[in-house]
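We have chain A already, so just place chain B on it with the hints.
Chains as they are written, first to last, in our numbering: chain A, -13 to 340; chain B, -13 to 340.
Hints in this document: simulated from the structure, not taken from any laboratory. Just to be clear, a hint being listed does not mean it is correct.
Repeated chains share a single entry, so a pair holds when one copy, or any two copies, can fit it.
Straight-line alpha carbon distances no greater than 20 Å define the calculated SDA-like cross-link-like pairs of lysine to any residue that follow [as the list claims (entries may be wrong)]: (1) 287 / 127; (2) 287 / 169; (3) 48 / 302; (4) 287 / 264; (5) 48 / 37; (6) 48 / 217; (7) 14 / 260; (8) 287 / 267; (9) 287 / 56; (10) 287 / 129; (11) 287 / 271; (12) 287 / 9; (13) 287 / 275.
Number of protein chains: 2
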Amino acid sequence: MSNTETNRDSDRRIAILASGRLDAFTAKTAAGVIRYRHDEVVGVIDPDHAGQDLATLIGVGKGIPIVASLGELATHRPDMLLIGVATPGGALPEAWRPVLREAIEQQMEVVNGLHTFLADDPTLSDLAAEHGARLVDVRRPPEVTGVGMARARDVPSRIVLTVGSDCNVGKKIAAIEIARELARRGRDAIFLPTGQTGVMITGRGIAIDRIISDFVSGAVEQMILDHAEHAWLIVEGQGGLFHPSYSGVTLSLMHGACPSAMVLCHQPSRQCLRHTDLPIPPLGRLVELHEAIMQPVRSSKVVGVALNCVDASDEETTDAVQASHATLGLPVTDVIRHGAGPLVDALEAHFDAS
Amino acid sequence: MSNTETNRDSDRRIAILASGRLDAFTAKTAAGVIRYRHDEVVGVIDPDHAGQDLATLIGVGKGIPIVASLGELATHRPDMLLIGVATPGGALPEAWRPVLREAIEQQMEVVNGLHTFLADDPTLSDLAAEHGARLVDVRRPPEVTGVGMARARDVPSRIVLTVGSDCNVGKKIAAIEIARELARRGRDAIFLPTGQTGVMITGRGIAIDRIISDFVSGAVEQMILDHAEHAWLIVEGQGGLFHPSYSGVTLSLMHGACPSAMVLCHQPSRQCLRHTDLPIPPLGRLVELHEAIMQPVRSSKVVGVALNCVDASDEETTDAVQASHATLGLPVTDVIRHGAGPLVDALEAHFDAS
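Extracted from the complex, chain A is given alone in its bound form:
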């Protein structure tokens, strides 16, 4: 892909650390980075899966080798080690310290999305200082002490937010694909990440789940104001408005970003909210409630639906798209299979009319 939408400073040679955890679920960060920075990734480190086919394991990464150690990637001269998997409670496994030390000693930049910060580890930070290596903790919250005041309403940009029927249904990918499609059409569109994977993909944005709750909407608002020079701001959604774990983060993001348009993301195979026995409400009800809860802050419409059919056949996907369209009367697409075109058509029509 081009770097138009991601605005990274320069291309890197990235080794992704994923020891023992290469599956589509815990390697969500790895998969996201590989999907959008494929040409920069020189290899994935996981002794348990060395030699296996990456695309088979996590759905993306065709041709990228899985190796047992950082040393095996030496001929590629990697300059960034990126932690690409989640760990229980966000802790740093002791078993990872040798490879982290090795990377630091080779002056590689180490990029970490865990809740545990590398720069707060005295051993690692001393070593990094000694070797002039950079430690980047993407979840470290920005210094925000202001609350949101719906100032994003005053920005002339067209603000779009992806929202979801649940967490982990494709809000990030939908936002990126919408931004890319807009860029293809010559629009000045920028993707604004709000989670660690998006930050790792683009090098900008904030991981909002780590911010003190009182300041989440303020941090999102500041991010919007900071990018107001762009015509289109496509903001990555988080969590889900009805998920008992994440609903507060979702609502802070909605009221902080003040989108005039939302795109609802959903995985048709999902019946219950993730890790719970709570049924996901019908899509029509979700559209209605997302609009209702935005209304007092800013009038906002759900203009289309992005279905995540990663676990469905092509035929099932076409059926699901048609069924949702028939129920809702909105444009519906699987952005990976069919592209974001229908959503961008709807977004352009929405903003042109308003």
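Chain B alone, transformed into the frame defined by chain A:
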């Protein structure tokens, strides 16, 4: 008042620090503590208002002196200095350091609800260690690393949450008065605070606005589970579901506490959400949306309305109560003027029927 609902260990002799900020708005914490710990408060320190009548300034505190310095309260032998006002950004004003040092040197307990923590200040914490004084930062978040999973649904207690049309409309007072009325009727009811003032009043609960956003619902859920031995849990609401600054905290609280019943709090004179130009939606719409956003997690009803008529005459209050009742068909009361009886009647009927 009796300590039945507050369960404090013992009575204290409290000096409240409110320098330069004695008005009903910024002295919200002072007012809350004075309302419910009146007999323990020996004086309020504010050189700008020394000698004036406290009740005139903040609506409560008849007979409590306002003095210019801690020294003037010496004959009362105060053993607690409580910071009773908010500051811009929650910072600690430099001008307060002398009185804090004085209190610490007198081995007083210093209770602080600011976002800035006294115990993290090396000078003050060293001084406290030297003199054996206790520094209590009530906003310091609990060590929570678990997300909410709607486990509060499994608790047999009758869970009630006060919610609001806006922030600062009387959710804390409504919750306390409901708990007190239940106690008067012989019920085993406990008030669970979620903000610094409530924590200062009772010595339990958590200031949820200071918690990392991902963990707010989990922290609330844990608080519910920790008090499940009580028949009634009356949870203090926070923020407002449509206030762009605080809505995320509010929703985390709703989905963390999983109330089966809610009481909607409102100040009839309030037209716009605080500090904004955003109109407050009509009460009927607020009832509908609070119930709708709880529904996917737990079926919950708004069973009554608590009007805060602090700025209205008795006649205006009666009119406002009757008007809201006529519009909504729900019990409505001003808990300060008319008591929480109608709300408790409605709550008992609601739970008896379910």
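Checking against the hints above, which ones are violated? 1, 2, 3, 6, 9, 10 and 12
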